[in-house]
Amino acid sequence: MKARSVKAKSGGSKNGRQTTQSGKSDRWILRLYIAGQTSRGVTALNNLKIICEDQLKGKYKIEVIDLVKNPQLARDHQILAVPTLVRKLPLPTRNIIGDLSNTERVLVGLDLINPKTLRVTL
Amino acid sequence: MLKKKEKPAHRDVLPKSPTSIQGLDEITGGGLPKGRPTLVCGGAGCGKTLFAMEFLIRGALLHNEPGVFMSFEENEDELTANVGSLGFDLNNLVKRKLIWLEHIHVERGEIEQSGEYDLEGLFIRIHHAIESIGAKRVVLDTLESLFSGLPNPLILRSELRRLLHWLKLKGVTTVITAERGDGTLTRQGLEEYVSDCVILLDHRVTDQSSIRRLRIVKYRGSTHGTNEYPFLIDEDGFSVLPVTSLGLNYNSSLERISSGIPRLDTMLSGKGYFRGSTVLVSGTAGTGKTSMSAQFVESACIRKERVLFFTFEESASQLMRNMHSIGIHLEQWVDKGLLQFHATRPTLYGLETHLATSIRLINKFKPNIVVFDPINAFVMGDNKTEVKTMLLRLVDFLKMKRITAFFTNLTSVGEDMEMTDVYISSLIDTWLLLRDIEIGGERNRGLYVLKSRGMAHSNQIREFKLTNHGIELLDVYVGAGGVLTGSARLSQETKDDAEQLQRQQEIGRKQFGLERKREAMEAQIVVLRSEFEAEESEALKLIELEKTVNRHFSQDKEKMAKSRKSDDKIKMTGTKKKVNI
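Read top to bottom, the protein sequences are chains R and D. Heads up, the first sequence is in our numbering, so the first residue is 1 and it goes up one at a time. Heads up, the second sequence is in our numbering, so the first residue is 1 and it goes up one at a time.
Warning: the hint list may mix true and false statements.
Derived EDC-like pairs: lysine to aspartate or glutamate, alpha-carbon spacing no greater than 20 Å straight-line [what the hints assert, rightly or not]:
hint : chain 1 : residue 1 : chain 2 : residue 2
1    : R       : K49       : D       : E116
2    : D       : K547      : D       : E531
3    : R       : K88       : D       : E107
4    : D       : K97       : R       : D76
5    : D       : K401      : D       : E26
6    : D       : K364      : D       : E235
7    : R       : K69       : D       : E131
8    : D       : K95       : R       : D76
9    : D       : K168      : D       : E116
10   : D       : K97       : D       : E116
If you're looking for bench data, these hints aren't it; they were derived computationally from the structure. Model, not experiment: these values are computed from the prediction.
Extracted from the complex, chain D is given alone in its bound form (with noise of 0.2 Å):
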């Protein structure tokens, strides 16, 4: 089919022309063949006309490349209405003379062929259009129309085919459109002429949800990403989202931010989730998931972070509301403009294009901080599958730009609570989890880290309460009566109190008497020592006297001695000495 042989891929080689098409240089290395024809083929009303138009656009706005619009099927008047509507102010830029408008009417029936023709009257008006703006770029939309309109396919497309290398010759880079065929990519086989790039362009209805996909069929001397990308056109245009192409080589940083509630900072080794890591809040209804986010994400904004909450079951102003009672108010963020509210229906849209508008509006808000609010909601019938390969592309594009993502997740009833619907379980780096504790014919909600990675994180559980100013954690009572929360940890709570009350007053009372003892004795003591002095004083008084006596009986008999000239000497130094030893 194809005779040209293919060349080598060359990259540095193969000029290529941006196309700022959000998303699609990307997937295209760079844009389309820079001075080559690409086709652009698919179904009706799958894009193809805006997909021209943005790429010439946004040619002539940001790369001073001048385009030439050939409409074969809408006129001036009505393109530029409904570009219009996609933003783009179409007649100033024909006025600025960076794009060149021009209807080519065809029409079967008004025609009679006699003799041979050629299409140099084509020729010479878009040679007229290139030159008259200087284009560097050129659209055919939908060229198969003059297929229609004039007799003789033969002569048509040998016409094409020179058109094509007329154009190749002229080095402007082109993009024609054709409507897909049965089993062909276009109606009339333009494929064969345009071999340098093809892409094509789907929009297919599943439960009854569309989606739109692009894929690059062929790019010759190009490497480019193969798969099916979803695509959006919305209210600023076209844009593709290579969310297929991720991979796991993101850094991870090691900063810390805070939850919003101190006593969970705690919980998580003192200072709160990691920045860019994902966290799941799971828990059955009414657990206080919503409350959570809305805690950390006005904790984020007075930090001055930038936050994008989406939420699936409730309206942007019943979610404000009901964070009043808890103390939250929400409007002062949204109108500094560093909350933003994306409020739909999981059922609004297919799961692709879910996924695309929230990366397209990520890129767009760049926010720090990313809230789903529940994950599950987009749980329909038999579809977790493909959730999961949602949310993880989610997961793997927001780690990538180090955006920290809080996920809910809602546990039905009955299920395992350490599960969720989507299993994503695995992509998750801090799971916490809300439950109810039923006792004493109440509910209260207790909540615990499940995991947290990369962290070292209480192992406890606390009481989760909903004050009016905010979020409060509190020890549950772990005690002989086991768990308990609520009233009935307050009840045990103050019949522990009192026992201790009471126990305390009895260790004073022992204190007490003890003292009293202690002070009877010492008295005692007094006493007996002053006794025992008084008997001591006389003790040694007699002793003294005694020893007085004594000496007076030893001198007296000395003294009668002397006087009796006793020969007793020896016998009474004898003795002396004997005294003194």
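The following block holds chain R by itself, in its conformation from the complex (with noise of 0.2 Å):
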């Protein structure tokens, strides 16, 4: 529910939205890290597919790693918090927390939106 009215929302601000330096990079590896199948990590995850269907259609790329499984990852990856989020490519990398149910923070985030003019419009 959330997710699809803030979908709506972003939606709406597509239009007057500027797009950001990562916006143009045209290849997207994406991972999110869950913990066993959890609801929460399997909420995240469908989150994401709809955010980068809209966002990102065809230049992306989603790994999902499941911590219970490796978690050696964990440490390796520096990963404390479930669901994470992490954007591998375009550089720099940057990380989301949480469930993903924010879909602006998420653009955020990922640095699809400025969130400068996202104030402006909310």
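Given two chains presented individually in distinct reference frames, assemble the corresponding complex, making use of the accompanying hints.
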């Protein structure tokens, strides 16, 4: 529910938004860290898919890492909070934590919208 | 604030995880609560990380309890280097799977939040670490860094509560460190979640000397020391000194040890000091206090006893050099490991730290005798009471360990001799006083025993001489001229000797004269006797002659009467009868 309403809002502001530097990049690798098949993890993945389809259609790739299966990766990749979304490409890497239900924060986190313009539209 | 009900104290029931940090197990009654979290809080630089690290390392090495160190502040290399400077080889422990080091990187500004999250990642990491080495102990240093790195404190709080509960369920003994907040134990109020044991570390500076102190704020379900205890961080790590908990319940020894000066032993009822007693030598400058201690030390080392010498005025090498002049060579004992010097300036650190250092060194070296030269070096300004308390604790500690303590005390000129700067006379068992005696333009040293508990000691003053073969005690001259020492004593003694010689000669003469008289008298007696004998024999001869004449006369008379046929018979017989009677 929440996700959809946010999406509608972001869709509405889409035209008035300036395209950021990252937005121009044509290759996106997004990594989502989850811990087992929890509802929060599933929600996050679904939200991510919707956002990517909406914003980065055709030029993104999502990797899902289950830390329960690969606990060593939590140390190697310095993951604390779950779910964590890491933008591996384009550089620099950026981290977003949470179930990604707030689409605008995700877009800000992924540097797809400029937070200043976001505040104006809000 | 605390929702849980206080459990009744069951000392036997509550299992404890020994820290093996020197002194800490004593005041906690065995260690930290096993399988529960403990909060260690304090300001910056007070030793929280080190405390936690030592808890892990000692647990891994001594109690076979591997440990996980989750560091939120320093990375693995920094930690290894920091602990390495304290003598622990962390890399080796990590290799042997006794310690798991993990740096948890949190940095504000890198993370955007969208929607709800949890700290399952952290849980997984801790779980993975624990499982990898079979850890029994976990350190989270400093958990509060999460608050500066992750958004939404509300989520964090509930997650931390969940984390602590989860750790408790896992049965690992956890140490959580936290920065001290303004007016609270921790900045984020972690003490709300950790209610089992809270330890506060403190680092304060008084009179430009720093003192580290530790206090157990709370220990649920266990008795514990409640005082502030000084602690040290030095090349051997962390050590707490529970010196205030001591009582007067030590056993006293009957054994006696020599003072190193035979005549002083004689003064102390022939045997010297009691083992484990406290000896104080006080005196003005240059009266030989240090020399006396050196003599004592040497005699102890000859007996193969161990001596720890704290000097606060001279360096060890200077002291040893100076002692050469009285024929005491202490280097050999240092080389043999029987003697150890610790030369520090009293201003180096605070009193508590001095005490703590001394106790730690004593515990490490295990000496039979400890020398403090001098004790009043600690007095600076107005801290006499503190110094007294410190020495009291030191004396108590030494007595408990049956270590003989030898203190020197410098009395300033003009002060009452029979008083110490720090008023510790009541702690002293044997008190020797060295004093200057000024006679005839020279200064000499006198020694007497002011008191010596438990023995019949001499009340005499002795002259104290530093010779090139050690200390000698001499009788002072006590005579018509008063108490004399030094050259005055020598000259007086010479004078006395001369007088005595003269007197002896006089006596000799008189005896000789008397002898002569006796001889003369005896000679006279002999003469008289011979004269008398001559006379006597003469007289006897005469008597004999008279008798013979008499006999002849009466025989003649009878013959005559016979011849005359006298009738006068009766008359004759009558006469005869008379003669016979």
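Hints violated by the structure (listed by number, smallest first): When the structure is compared with the hints, numbers 2, 9, 10 turn out to be violated.
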